[in-house]
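Chemist: The chain contents come next:
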Amino acid sequence: MSTLEVRSLHKAFGGLDVISNLNLTVPPGQRRAVIGPNGAGKTTFLNLITGWLTPTSGAVLIDGQAVATHPEEVTHAGIARSFQRNLLLEDLTVVENLRVACQAFHPCRRVFWRSKREFGDLFEQARQAAEWMHLTDILEVPVTHLSYGQKRQLEVALALCAKPKILLMDEPAAGTSPQERARLIDLINRLPKDLTILLVEHDMDVVFATCDIITVLSYGKVLATGTRRDIQEDPAVIEAYLGRRHARG
Amino acid sequence: MSEEVTIARTTARDDISPAAQVRRATFVLVGSAVLGALALPWLSTSYATTLAIEIMIAAIFASGINLLVGTTGLVSLGQGMFLGLGGYGIGIGTTVLGLPLWLSVPATLVLVATLAAAIGAVCTRTRGVEFLLITLAFSQMFYGAAIKLRLTNGSDGMSGIPRPDLGLLGLNADSPVVFYYYILLVTMLAVAAVWRIAESPFGSVLAAIRESERRAAAMGYAVSSYKVGAFVVAAVTCAVAGILQSQYTYFINPDSMSWQLSGEGVLMVIIGSTTAVAGPLVGAAVFVLAKQGLSVLTTEYMLFFGIFFMLVVAFFRNGVVEAFKSAFRSKP
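If you're matching them up, the sequences are chains F and P in order.
Each residue of the first sequence is one higher than the one before, counting from 1 in UniProt numbering.
Each residue of the second sequence is one higher than the one before, counting from 1 in UniProt numbering.
If you're looking for bench data, these hints aren't it; they were derived computationally from the structure.
These figures come from a predicted structure and were not determined experimentally.
Derived coverage of chain F by chain P (criterion: at least 3 residues anywhere in the stretch with Cβ under 8 Å from a Cβ of chain P; other residues may be distant):
| id | stretch |
| --- | --- |
| 1 | 74-81 |
| 2 | 89-95 |
| 3 | 106-113 |
| 4 | 158-169 |
Which chain F residues face chain P? A few, computed with CB under 10 Å, are given here:
| id | residue |
| --- | --- |
| 5 | His70 |
| 6 | Gln103 |
| 7 | Glu118 |
Cβ atoms here follow ideal geometry from the backbone N, Cα and C, with glycine treated the same way.
Excised from the complex, chain F in its bound form:
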């Protein structure tokens, strides 16, 4: 159970402030959604947390400790993420993708004189990660042959292989069919309750079905934070993002 804390985070590209003085605290086990219109800085925000971008100023902390600045160190610190666009090992099978992801936390990860098949526990961990995301039937299928929805599930499964304290998901439902979306909602809701989740998503049905608290970003600033009801009733949020369809009443 870990707390994610973002303090006075600022990111500028030249003269353009993409994230401005952003403060956010996600308590242990909370499912927090970050929503906002295109260009609000949601993906930049995730990239800053996970070390893919360096903040101009500010800090990201887990349980009060500053998180390292390189992506691999961030993963080892307990933050794992899925990507907005699938970033998978396309020519490898599902089980090999998951096995390699699990191996990053195994003492054998630098071993070059023994066969990878000698480390059977990694295959077991890979199968477990596949079970979380309902991928066990397609373990031996090369990723390139998977449907788009299955690839989105594998994206999340790869992040789970890191056994993270905090899971960041960048638009996991993007491009999926209604059936795939319903399955994804079910899978997210079945994840361990002590796992802190930060979800960036445009699909409000997914957000409302999976998250307790919602933070709305607009032009790199927090516009509002609250429960589903708070957000749906906030005139500024309705004006900037939600529109009348998702507004309450």
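We have chain F already, so just place chain P on it with the hints.
Modeler: Quick look at chain P alone, frame taken from chain F:
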């Protein structure tokens, strides 16, 4: 009764998965190749033995390149530099410094590994075309040094590079047959070592880097250190080929470091297959035999070799070995 046995045998054969069939065929082929290689000096002419030596040295060189190109996805045009450094290393060690061969060889490999780590730390900061060009630049730098330096005897090169002293075994490595078996032993060890590395946990990280560097980093791997590791192993493997090459000809000159040689190594890998262990071996064999065959027919053999290469790429898109595997899998 005999009909039942036939049916049972047929069913048992049908139960074997395609992957198991490929494994069995590979085992038979590798076994036959090893037996054939062991018997070659006794069954063929000395010319064939000489060609086999050249193929095996090229196969070690191509295996080193394949660890970068096929396994890690880094196309280098600088591996000739390490082949040359291997040859010059034992050349300088034995003929200039007067060190025994048993000391010169490990010293050369350690020196090459250290140099490769330093060069790799710079080169692996880049990807794609930039990586190819920066490895080419380093290679040309060492090529230029080999031509200019008095230590390397300039463009005349160094001669008198010794073969191993096998007197304790009652053997003379200057004998073509003994030298053939020496090369065969080193080739089997080198190819097995590269195969083991590619199949290891370390090797699977290299494959992940080939597929997506960003994903490998997101998984928690320090990508640059793995790339440097692959660069060092590939360099040492190419240096082993260089040591054998210089012992084979008793000679080393700057041509061994030329970018053309690096390019030929990449061609061998593409011809054989970047995804199969046997790819570099088969690629090296096809390359050496085609080059020798065409050079007998015409002095303009490079023109025809270019056409040959285009045909191989056109008809065996993933290399000769993968084409063989696909044909075997699709067999009814």
